[in-house]
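Participant: From first to last, the protein sequence lines are chains X and Y.
The numbering used here applies: residue 1 is where the first sequence begins, and numbers increase by one.
The numbering used here applies: residue 199 is where the second sequence begins, and numbers increase by one.
Calculated from the structure, these hints are not laboratory results.
Keep in mind that this is a model prediction, so the values were computed, not measured.
Warning: the hint list may mix true and false statements.
Said to hold, decoys possible - 27 Å max Cα-Cα, derived DSSO-like pairs, lysine-lysine:
hint, chain 1, residue 1, chain 2, residue 2
1, X, K100, Y, K261
2, Y, K402, Y, K209
3, X, K164, Y, K209
To be verified - Pulled from the structure, derived: some chain X residues nowhere near chain Y, Cβ distances all over 12 Å:
hint, residue
4, V38
5, I50
6, Y61
7, E88
8, I94
9, P96
10, L144
11, E155
12, M179
13, L190
14, L191
15, L195
Cβ atoms here follow ideal geometry from the backbone N, Cα and C, with glycine treated the same way.
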Amino acid sequence: MSYLAIILTFVFVSNFILTQFLGLCPFIGVSRNVDSAVGMGFAVIFVMSIASLVTWFVYHYILVPLHIEFLQTITFILVIASLVQLVELVIQKISPPLYKALGIYLPLITTNCAVLGIALIAVRSGYNALESFVAGFSAGLGFLLAIFMMSTLREKLDTEWVPKPFRGVPVAFITAGLMALAFMAFDKALLQNLLGPM
Amino acid sequence: MNKEFIKGFFKENPIFVLLLGLCPTLAVSTRVINALGMGAGVIFVLLGSNIFVSLLKNFIPDKVRIPAYIVIIASFVTIVDLVMQAYAPSLSESLGVFVKLIVVNCIILGRAEAFANKNTLGSSVLDALGMGIGFTLGLLLISFIREVLGNGTITVFAFGNFDGVLRIPILYQAPVRIFSLSAGALLVMGFLLGFFKWYGSRKKGEQA
Chain X
1 MSYLAIILTF
11 VFVSNFILTQ
21 FLGLCPFIGV
31 SRNVDSAVGM
41 GFAVIFVMSI
51 ASLVTWFVYH
61 YILVPLHIEF
71 LQTITFILVI
81 ASLVQLVELV
91 IQKISPPLYK
101 ALGIYLPLIT
111 TNCAVLGIAL
121 IAVRSGYNAL
131 ESFVAGFSAG
141 LGFLLAIFMM
151 STLREKLDTE
161 WVPKPFRGVP
171 VAFITAGLMA
181 LAFMAFDKAL
191 LQNLLGPM
Chain Y
199 MNKEFIKGFF
209 KENPIFVLLL
219 GLCPTLAVST
229 RVINALGMGA
239 GVIFVLLGSN
249 IFVSLLKNFI
259 PDKVRIPAYI
269 VIIASFVTIV
279 DLVMQAYAPS
289 LSESLGVFVK
299 LIVVNCIILG
309 RAEAFANKNT
319 LGSSVLDALG
329 MGIGFTLGLL
339 LISFIREVLG
349 NGTITVFAFG
359 NFDGVLRIPI
369 LYQAPVRIFS
379 LSAGALLVMG
389 FLLGFFKWYG
399 SRKKGEQA
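For reference, chain X alone in the conformation it holds in the complex (with noise of 0.2 Å):
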């Protein structure tokens, strides 16, 4: 698979959030303005791409020279919740003005399925490991961009009148809804007419 078909694949047609509901919780929890929404979006980012390389070099130079792979949750998810507070530290000490607008965004990241899901996908698809970063950047951009777009609806969802009952989370799942049968039109057909069979 080339990588323009890995990142069409991971932003447009298997979406995290929109077809693999990877993350859903902080997508629901954190998309009540842009600002917020933006800023979770660029942790996920960040976290993603780094954590996807970090697990796949921790899998194929740990894990399979010692046929421990049956510890692969565990690890990875140690991996992932240590990786989190490392690059919390090193953004304090590097960038203040970044840990600022990240700092808060960083401890929910450890319970994001996003992050261990593409973990555990980009070993399943047997990627390697530029591939395995590539995966794990455009999943987080494809999470980044449905965030983004929910918050901006949610914005304008605030100054319209909604039932009673589906005030709040309810209608934002119905939002999502239509926001992935408009995402239905990226599917494995369309990558194959733009890139050619694969």
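Given chain X's structure and the hints, the job is docking chain Y onto it.
Facilitator: Chain Y in isolation, oriented as in the chain X frame:
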């Protein structure tokens, strides 16, 4: 005593009221059997982690409690994953990465943090069972709606001559495909949440 057990079914239903564990809920709810498998896995992990956390609550230092909980949870998830691969390979195949993703299911960490590390073994077990069954019931409701409307079938266990698939006459020939797609999952979830909120507020209104 019973209150800990019953609360997860409706009043504090993890899916519809607490809004926890949404990712796996929507992703695996295309078939009823997936919901049963996922529910069983979550009940097992929740029970195991609640038992261990409530037993170890005095030994785990407060500062490293979250990583400690995660290791406990991940161990039980690995057990579920391996057992499912060995004894129910087709189920394991259709649940895919979502079995492994039980580890980041917020219900489990949430119950460990909010309940099991403050309560006794007995009530932690009841809490785990109640929450797990509540999660399974919610999952069953969503997957029932999606499978019946989107595919016209109800897939349960196969036994004897029965292949495990109930076909519903008219819907099976002309199903509403959108419900089995991802958009349908989000729409069903939105309407169910709206319904639960409406029902909850109506009940509160009656009491006031």
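Participant: Of the numbered hints stated previously, which ones are contradicted by the structure, given in increasing order?
Facilitator: 12
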